[in-house]
Each structure stands twice: as C-alpha cells, then as structure tokens.
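Q: Listed below, chain by chain, are the residues.
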Amino acid sequence: MKDFELLLREQTPQVLSALVRHYGHFDLAEEAVQEALLAAAQQWPDQGVPDNPRGWLIRVGSRRLMDLLRSESARRRREENAAQLATPEEFVASGPEIDDLGGQDDTLTLLFLCCHPALSPASQIALTLRAVGGLTTAQIAAAFLVPESTMAQRISRAKRGIKQAGSTFELPPEAERSERMSAVLHVLYLIFNEGYTASSGTALHSAELTSEAIRLVRAVRRLLPDDGEVAGLLALMLLTDARRAARTTSEGALVPLGEQDRSLWNKEAIVEGEALVSDALTHTRIGPYQVQAAIAAVHDTAERAEDTDWRQIVALYDVLEQLVDNPMVKLNHAVAVGMAVGPKEGLAVLEPLESDGRVTEHHRLEAVRAHLLEMAGDAAAARESYLLAARRTTSVPERDYLQSKADRLS
Amino acid sequence: MVPVKYMLMIYSSPESWAGLSAEQRDGLSRAHNELTQELREQGLLVSAAGLADPITSRTVSVRDDATTTTDGPYAEAKEHLAGFYVVECEDIDQAIGYAARMPDAEYLAVEVRPVMETSGLEM
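Chains as they are written, first to last, in our numbering: chain H, 1 to 410; chain R, 1001 to 1123.
In short, the hints are calculated from the structure, not lab data.
Be aware that one or more of the hints could be misleading.
On the chain H side, residues computed to face chain R include the following (Cβ under 10 Å) [as the list claims (entries may be wrong)]: (1) Ile125; (2) Glu194; (3) Arg243; (4) Gly252; (5) Leu254; (6) Pro256; (7) Leu257; (8) Tyr401.
Note that beta-carbon positions come from the ideal geometry of N, C-alpha and C, so glycine has one too.
Working from the sequences, and respecting the hints, build out all of it.
A: Below, the structure written as structure tokens:
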C-alpha cells in the first residue's frame, strides 16, 4: 500500500464523521467521502499531498455532498411534486467551510453504526470496510470474490437498513453499549478471518484484509485502552497473523501448526501480542478473545512444536468453554486433550459432539476424529475419517490437506 | 459466519417442460425475474443464467491427446441442468429458501450445493 493510500484510509472515518455531524445524511455523506478519496487518489500523486489533508478531504467531500443533496431534493420534488420540501439551500445553509472536529475521534460511533444489529454480517462487513476502512467498493468486491455491482448493492442496502432502523450518529445508549461492542469486535474478527484463511491464490487481497482488521482494532484500542476484549482481539490477531508466512507452502498448500517452520514466524508481532494479552488478563475482566489470544500465545512462544505446553492449553480451553458455547471450541479442546493426555481421552471429549446438530456433519469434527484415531494407531479408521472430512469440507486447500493425510495412511 | 456461495442448480426434463401450460411457463419467467431482481437488490447475486436445451450440447473428452466430441449431454439421464444461480447466503437454509421459491422445484427439482472456497484454515 502506498503511503498516501494509508493516509487516506486513516482520514476516512474522521472526514466522514465531520460531514455527518455537520450535515446529517449518513448515506449521502458516505458517498461523498468516497468521491473525495477518489479525487485525492487521482490528484495527490501528481500535485503532492496538501498541507492539511483532512481539511482538503472535508472541503471536497462537503462540496460533493451538497451536489448530492441538491440532486436528491430535485429528485424528490419531481417524485412527490411537493413545493413544501426543503430546498437545497436549507440543507446546506451553513456553507461549505466546515471545521474539522478538532481532535474528536468518532471512529467508534461510526463502527457502531456500520455494525448495526439490523444488518446482516455480510452487510456489516462491507459497510465497515468502506465507511471506516476507506476501501473502495471494487476492492471489497475483489476481496470477497463477488461482482462489483453486487457489492455496491449490498452497501447501499446496508445504508438504507441503518436509515430505516432510525439510527442516529450517536453512541448507543449505555445499556446497549457492551452488546453493540461485541458486534463491532465480531465484525472486525470476521474481516481478519476472511483475510487470514485465504490461501496464496488470493494473497494480495487477503493480506490487505488482515492488516486492515488489525489497523481498525488498533484504532478502537486507542479510544478504549482499558477494554480487555479489545486488547484481547488485537493480541489474537497479531499472534495468529504472526504465523502467516509459515502456514502455507509457496503452492498454497496448508501447513499444520506442528509442522510449520517457526523461524518464519513474525517475532515482533508475537512479542507485542503476548504483552497485550498478559496485561489484559492481569488487569481487566476476562473474556473470550483474551483466552483465545492466550492459547495462541502458548503456541507462538514454544520454540519447537514438541515444546508446546499442552496442559496449559487444555486449562485455557476449560476456561473458554465456560465463557462461550461453541462446538468448535470443544473440537480444539479435544485436540489439546489428545496431545496433553492421550488420544483416547481426546476422543472421549468428542463424544458429546456426536449428538450436537451444529457439528455432526461438519468436516472439522471428522478431521479431529481422524487425527486422534491416527495418534491412537488405528490407521484404517483414521483413513476413513480423513476421507470423509475431505469430502465434507468446502475449502480446496483443506480438502487437499485431508486427502494427503488419508493417502499417507494407505 | 462470513457468507458462503451456493450454486442453485435447476433441473428440468422434456416431459416436465412439455407438461407446463402457457400460464405456467409465463409464471416461471416471472418468478425468475422477480427472484433475480430481489437477489440483485439485496446484493446477494453473484451470477445466474438459463441454459439452452441440451439438444445443443457437445460433450468433450480427451483420450491420448485426441479430442472427441459427442452430441448431447454427458449424463444419460432424463433430467438435465436447465439453469443456475450462484448466491451468497448466511447458511444453506437461506439458499434452500430461495430454491423453494423457484417453480422448477415444484415441477422437478432444484439442487443446492456449496461452492468450493480457495481459502482454508490450517489444522
């Protein structure tokens, strides 16, 4: 990413907030900011970055917003043929020169709006990336492998959804704050995951999504430095992304954690992530992101795979299971028990999942079973399970990995 | 969960098609136009198309570097693929919901299957 692109993206939420605070009309203001960003991307490389980039963007964005408001009100007059509707001058009476909000950072308010519970996760993600992240519709569409027109529709629909829900540009009431905060963190987590799981074939876009998610969580953390779950999520992302270079081969094949070349791990990210999570666990209320980050830290700080402190990982999964009811957590718990105690004990942890409708047909249940059966020395049953898991997954690299595990057992 | 792409495969057969009245055929186009429009407005439609009659198909196979083509579809079944949608959904139940709205599901059947992703998690 070029320097001025990062600069533009960092300015996006500030510029948008300034426009919305001044004029309202979140949907049109968002449109106007995108056009200001585009104008900057075209003009700055040749003409140089202006002395006050934010002021420049706000000025260009306001002008564009007034154009949009004028055509909007003209359209409405035509449609409703009603003279009593507000004239554009009323909309824009305060003129184009509006102030930057002098240090007030509304990123959080914007995130709450984009991750509004009335929207589907797909819409929350798309709108967050555009309105807060400053990505273009084309970039978001490419990252999610859908046509640009589809993504454009999704974003305008999301904006309509917010309007219909009657949401205003204010922080949610205190009583809803923590639930709404979970939704924001979940969306950032999904953006990260989407980038992280992508294999080398789409590496260009995927690396951008993970770094974008990390950048946004850092922005939230600057505003909420005492929130343990924000710190936990940032730590989890850093500790997971630290393994990026080692998790796939140059051909895009998956390398399991135990076989990764740990010299490729990003030490700096591991140090930062570990410090963040230990600090959060000591000073704030415990939460699921912190515990997941702590588990990632145990993996990341083991010099060799065989040095991994599996007993501590089992203990952390015990804690995590108290906090969240998620069968995927139980699956990972079973793997950890298999490593810390033995495969039979691990298989026993899987048992309750056999009747859990959320995972009975999930490929990961079968993959974990296969792994534990292989550890237990039951090659024939392990092979069957690997083959079934390979058929059930909808991911090409996962299928290839599981198939190769089965092949090795025949 | 991040949305998954599903392919909705519409099956037809000469018999089921021949059995439709003119109103039913009109209704079929109307239902697909409406559904396509709705999916497009929701920002969920990745792609959709109807396929020409299998009488126009050529099936291609290569053996020992020699290419042969035969007329007609590969599968020797009475039913054939008549069209498809690729739609992003939260889960398979949402995709099943769209499939159930197609009159084709009433006349023959619509198959719903996830599209493979190029991404994956290390195990």
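Q: None of the hints should be skipped; say for each whether it holds.
A: Results of checking the hints against the structure:
no.	hint	verdict
1	Ile125	holds (7 Å)
2	Glu194	holds (5 Å)
3	Arg243	holds (8 Å)
4	Gly252	holds (8 Å)
5	Leu254	holds (5 Å)
6	Pro256	holds (5 Å)
7	Leu257	holds (6 Å)
8	Tyr401	holds (7 Å)
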